[in-house]
Amino acid sequence: MITGVKKGFTYKLKVVFSHFPITVKVQDKKVLIENFTGERSPRKAKIMGNTKVKILPDDIIIQDLDLESVSQTAANIEQATKVKRKDPRIFLDGLYVYERTEGMEG
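So the sequence shown is numbered by my numbering: it starts at 150 and just counts up by one.
No lab work stands behind these hints: they were computed from the structure. Don't take every hint at face value.
[To be verified] The calculated lysine-lysine pairs, modelled on BS3-like cross-linking and capped at a C-alpha distance of 25 Å, are:
(1) Lys155 - Lys174
(2) Lys231 - Lys179
(3) Lys178 - Lys193
(4) Lys161 - Lys174
(5) Lys231 - Lys174
(6) Lys231 - Lys178
(7) Lys203 - Lys231
(8) Lys195 - Lys178
(9) Lys235 - Lys178
(10) Lys201 - Lys178
Modelling step: build the complete structure from the supplied sequences, incorporating the hints.
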């Protein structure tokens, strides 16, 4: 509790694709993942609480004072890009958490 109030929490996700370039956008309280494995309709992930989501070319940075809302938002994004009915060892496309830190990095 005190760590969150003083420092905050940051999760970083990596955008991984092999053939179809994935584009990520923030719209209202949702993250839109477009062109995931060539799909025409965007996949949506809910942003929890007052979490700030920053989109970079290959990364997504999620920041907030509440650890639960940061981790749940990251989990929602990861689950939205889950590959179904294909071999996960070959189709590695998706958004994956690669760093969890205390503190709100710029």
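Here is how each hint holds up against the structure:
no., hint, in the structure
1, Lys155 - Lys174, "violated, 29 Å"
2, Lys231 - Lys179, "holds, 17 Å"
3, Lys178 - Lys193, "holds, 10 Å"
4, Lys161 - Lys174, "holds, 15 Å"
5, Lys231 - Lys174, "holds, 18 Å"
6, Lys231 - Lys178, "holds, 20 Å"
7, Lys203 - Lys231, "holds, 21 Å"
8, Lys195 - Lys178, "holds, 6 Å"
9, Lys235 - Lys178, "violated, 30 Å"
10, Lys201 - Lys178, "holds, 10 Å"
Going through the hint list in order, the structure does not satisfy hints 1 and 9.
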